[in-house]
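Peer 1: Here is how the chains run, residue by residue.
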Amino acid sequence: MGCLSWFNMVEILVLIKQVPDTNAKIEIKDGKADLSMVKWITSPYDEYALEVALQHKEAVGGTVTALTLGPARCDKILKDAKALGVDNIARIDAPEGYLDSFSVQSMLAEACNSLGAEIIYCGKAAADTNAGSTGPGVAEKLGWPSVANVTNIIFGESSLELMQPSFEGQAKIGVNLPAVITCDKGMGEPRRANVKGIMMAKRANVDLIGVETVGGNTSVVGHASPPDKPPGKSFDGSEHVSTVVKLLRDEANVI
Amino acid sequence: MSEIIILAEVINNTLKESTAEVVTAALSLGGNPILIVPGTSPDSAASMAATYEGVGSVIALQDDCFSNFDSAAWCEAIASVAPPGHLLTSSSSMGKELAARLAVSRNSTIIQDVIKIEGSNITHPIYSGKAHETVSLNGPSVMTIRSNVFKPSGNGGSASISNVNTSSNLRTSLKEMVAKASERLDVSEADIIISGGRGMGSPNNFEKLYSIADKLGAAVGASRAAVDTWEEIPHSMQVGQTGKTVNPSLYIAVGISGAIQHLAGMRTSKYIVAINKDGTAPIFRHADYGIIATWEEALPILEQELGTLLG
Ligand SMILES: Cc1cc2nc3c(=O)[nH]c(=O)nc-3n(C[C@H](O)[C@H](O)[C@H](O)COP(=O)(O)OP(=O)(O)OC[C@H]3O[C@@H](n4cnc5c(N)ncnc54)[C@H](O)[C@@H]3O)c2cc1C
Numbered sequence: 001m002g003c004l005s006w007f008n009m010v011e012i013l014v015l016i017k018q019v020p021d022t023n024a025k026i027e028i029k030d031g032k033a034d035l036s037m038v039k040w041i042t043s044p045y046d047e048y049a050l051e052v053a054l055q056h057k058e059a060v061g062g063t064v065t066a067l068t069l070g071p072a073r074c075d076k077i078l079k080d081a082k083a084l085g086v087d088n089i090a091r092i093d094a095p096e097g098y099l100d101s102f103s104v105q106s107m108l109a110e111a112c113n114s115l116g117a118e119i120i121y122c123g124k125a126a127a128d129t130n131a132g133s134t135g136p137g138v139a140e141k142l143g144w145p146s147v148a149n150v151t152n153i154i155f156g157e158s159s160l161e162l163m164q165p166s167f168e169g170q171a172k173i174g175v176n177l178p179a180v181i182t183c184d185k186g187m188g189e190p191r192r193a194n195v196k197g198i199m200m201a202k203r204a205n206v207d208l209i210g211v212e213t214v215g216g217n218t219s220v221v222g223h224a225s226p227p228d229k230p231p232g233k234s235f236d237g238s239e240h241v242s243t244v245v246k247l248l249r250d251e252a253n254v255i
Numbered sequence: 256m257s258e259i260i261i262l263a264e265v266i267n268n269t270l271k272e273s274t275a276e277v278v279t280a281a282l283s284l285g286g287n288p289i290l291i292v293p294g295t296s297p298d299s300a301a302s303m304a305a306t307y308e309g310v311g312s313v314i315a316l317q318d319d320c321f322s323n324f325d326s327a328a329w330c331e332a333i334a335s336v337a338p339p340g341h342l343l344t345s346s347s348s349m350g351k352e353l354a355a356r357l358a359v360s361r362n363s364t365i366i367q368d369v370i371k372i373e374g375s376n377i378t379h380p381i382y383s384g385k386a387h388e389t390v391s392l393n394g395p396s397v398m399t400i401r402s403n404v405f406k407p408s409g410n411g412g413s414a415s416i417s418n419v420n421t422s423s424n425l426r427t428s429l430k431e432m433v434a435k436a437s438e439r440l441d442v443s444e445a446d447i448i449i450s451g452g453r454g455m456g457s458p459n460n461f462e463k464l465y466s467i468a469d470k471l472g473a474a475v476g477a478s479r480a481a482v483d484t485w486e487e488i489p490h491s492m493q494v495g496q497t498g499k500t501v502n503p504s505l506y507i508a509v510g511i512s513g514a515i516q517h518l519a520g521m522r523t524s525k526y527i528v529a530i531n532k533d534g535t536a537p538i539f540r541h542a543d544y545g546i547i548a549t550w551e552e553a554l555p556i557l558e559q560e561l562g563t564l565l566g
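Chains as they are written, first to last, in the working numbering: chain A, 1 to 255; chain B, 256 to 566.
Check each hint, because a few of them may be wrong.
Calculated pairs, DSSO-like style, for lysine-lysine (alpha carbon to alpha carbon, straight line, at most 27 Å) [said to hold, decoys possible]: (1) K233(A) x K470(B); (2) K371(B) x K25(A); (3) K271(B) x K172(A); (4) K406(B) x K499(B); (5) K57(A) x K76(A); (6) K525(B) x K229(A); (7) K29(A) x K76(A); (8) K371(B) x K229(A); (9) K406(B) x K246(A); (10) K39(A) x K202(A).
Calculated Cβ distances over 10 Å to all of chain A for the following chain B residues [claimed, not checked]: (11) T295; (12) S302; (13) E308; (14) G311; (15) G340; (16) K406; (17) G412; (18) S413; (19) D469; (20) S512.
Using C-beta positions, here's what the derived DEER-type ranges look like [as the list claims (entries may be wrong)]: (21) N194(A) x R439(B): 39 to 45 Å; (22) T295(B) x E189(A): 38 to 44 Å; (23) S302(B) x K76(A): 54 to 60 Å.
FYI, nobody ran anything at the bench for these hints, they're computed from the structure.
Cβ atoms here follow ideal geometry from the backbone N, Cα and C, with glycine treated the same way.
For reference, chain A alone in the conformation it holds in the complex (with noise of 0.2 Å):
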């Protein structure tokens, strides 16, 4: 019946992370990406997994805690989650500037380990590196396991039954928890603030976690803008699709 589930406080993180608004322009001053006039966004695929792990706590009890890791103006985010219903934020303290995955990963973990996590959400990849590897990459720092790209859930008390595009098709997962669980689109419009969350929001404070700064083993050279393409050919009028079918093929070899 699930009555029970009421008992059931299930440790919940969100992994959030703040990036340059995707609509920014990416300038290069002195060979370094120039983000001082950047607006600052909650990562779109963040988004989902906010919106998931409220879901999960709807259905079957528990705490949210969303956790980032930054500088004091990655507090904006953390407020933004609190005004949509999380029930704790907290951040890392790290300074501006370049944190390679294993720094990054290896000071996270740390973070989910103390605050007591048992299921951990994050977005497929983040909107700044791209990458997505800090789901499976804390993960595997937990000895967890992971299921990536999920694009939509149904939440047990202990596991999870998860769909996740894959090359047949769709994959339906089940996995026990804990677990570390990446989030594509899927699951429904992220959630928006009213104005009673945001009220309450402006007054939460965000939990600063000690963790050691952990170094790594890259560093940045340098920023570059990717090479100007030369200009293409325009023709104006659909009686020129035949001259482009013919560049594609004698000029650009495509076809």
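Based on these hints, arrange chain B with the ligand on the given structure of chain A.
Peer 2: Showing chain B with the ligand alone in chain A's frame:
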């Protein structure tokens, strides 16, 4: 010479061609490549991999866990046979997930989607291709290699093959495989993609894209506006920031304006063709070949021309 580990991409015991490109990338790091070929019965994929030129030796890694994808189990099996050194694999979604785990288990850093290797300087796109980042390695790392960037290695080699068996525990269970509604190629697997946007007017008009795709052996993709507006167009077709990132030889955008989030998923395509009725649409700034016309006029001609050309 230090050892460089290449993890072959193998799906259902079939070797993926992207592995030949990873071999070339590995050779540019200047080491002795050892190729690991995982499978439930990896022998034939291993003998194929042994022909890649420049490969020092091949490990055919047999484990029943390779019957379905479980990154924890696969990582355990591979980590137990991979010697220390850089480890490289393809940047498919499975490859990236597995590589992220392997990096942690080897106490090293993961660099995804590598497009250039120059000594110990490694370049990969960030901000969805709006910038390139070059990092320098201070120790062994794990890298995934973007497809269609490195030239595939030739196949005149004959490396020796050794067989290893492991038995790793699956940490997840495959309950059911829901087959695709159609036999259509997925955008992430296709070398040619034709995508439709809001300008297609209605989901029924995507049929036009499907007939052209059939002629080209292409996959059909869509913009987010199309996916969000029409239920019939599933999210699995979406290309872009919150959809799939693709890197085909040819990308044809029809009735797509070219928003920055769409470009994020397809700007690295080798050739881009745009068909749009609005000559000022941003997509034309990224197109190698632009046709200013409505799709109603342009697609029938395109289909006919391709029919004549390709039969
Ligand atoms: C966080 C975030 C994530 C996003 N992620 C994605 C993503 O993953 N993928 C994505 O695509 N978008 C994404 N978007 C949305 C993106 O900003 C655009 O809204 C979207 O790409 C527009 O789709 P479209 O080009 O089909 O539609 P529109 O911009 O409406 O363009 C339609 C085009 O069709 C042309 N047209 C109309 N009629 C015809 C005709 N008869 N023949 C020929 N041409 C015609 C018009 O001239 C116009 O250029 C995202 C946005 C945000 C904020």
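Peer 1: All hints, please: hold or fail.
Peer 2: Hint by hint, here is what the structure shows:
For the proposed pair K233(A) and K470(B), the alpha carbon gap of about 24 Å is at most 27 Å, so the pair holds. Pair hint K371(B) plus K25(A) holds up; C-alpha atoms about 23 Å apart against a cutoff of 27 Å. Distance check on the hinted pair: K271(B) and K172(A) sit about 24 Å apart at the alpha-carbon level, within 27 Å; holds. For the hint linking K406(B) to K499(B), the alpha-carbon distance of about 23 Å falls within 27 Å, and the restraint holds.
At roughly 23 Å between alpha-carbon atoms, K57(A) and K76(A) fall within 27 Å of each other, so this suggested pair holds. Of the supplied pair hints, the one linking K525(B) and K229(A) holds, its CA atoms being roughly 10 Å apart against a limit of 27 Å. Proposed proximity of K29(A) and K76(A) is supported: the alpha carbons are some 26 Å apart, at most 27 Å. The suggested pairing of K371(B) with K229(A) holds, with an alpha-carbon distance near 17 Å, which does not exceed 27 Å.
Of the supplied pair hints, the one linking K406(B) and K246(A) holds, its CA atoms being roughly 25 Å apart against a limit of 27 Å. With a C-alpha separation of about 20 Å, the suggested pairing of K39(A) with K202(A) holds against the 27 Å cut-off. Annotated as non-interface, T295(B) keeps its C-beta farther than 10 Å from every C-beta of chain A; the closest such distance is 15 Å. In this structure S302(B) is separated from chain A by more than 10 Å, as the shortest Cβ-Cβ distance comes to about 23 Å.
Its beta-carbon lying about 24 Å from the closest one in chain A, E308(B) satisfies the requirement of being farther than 10 Å from that chain. With a cut of 10 Å on Cβ distances, G311(B) stays outside the contact zone with chain A, its closest approach being about 25 Å. Chain A leaves G340(B) outside its interface by the beta-carbon criterion, the shortest separation being 14 Å against a cut-off of 10 Å. Its beta-carbon lying about 15 Å from the closest one in chain A, K406(B) satisfies the requirement of being farther than 10 Å from that chain.
The claim that G412(B) lies off the interface holds: its Cβ sits roughly 27 Å from the closest Cβ of chain A, which is beyond the 10 Å cut-off. Under the 10 Å C-beta cut-off, the non-interface status given to S413(B) relative to chain A holds; the minimum distance is some 30 Å. For D469(B), the requirement that its beta carbon stay farther than 10 Å from each beta carbon of chain A is met, with the minimum near 14 Å. Distance to chain A confirms S512(B) as a non-interface residue, since its nearest Cβ pair spans about 14 Å, more than 10 Å.
At about 41 Å, the CB distance of N194(A) to R439(B) agrees with the hint of 39 to 45 Å. Look at T295(B) against E189(A): about 40 Å separates their beta carbons, and that is inside 38 to 44 Å. Between S302(B) and K76(A) the beta carbon distance is about 55 Å. The supplied range of 54 to 60 Å therefore holds.
When the structure is compared with the earlier hints, no violation turns up for any of them.
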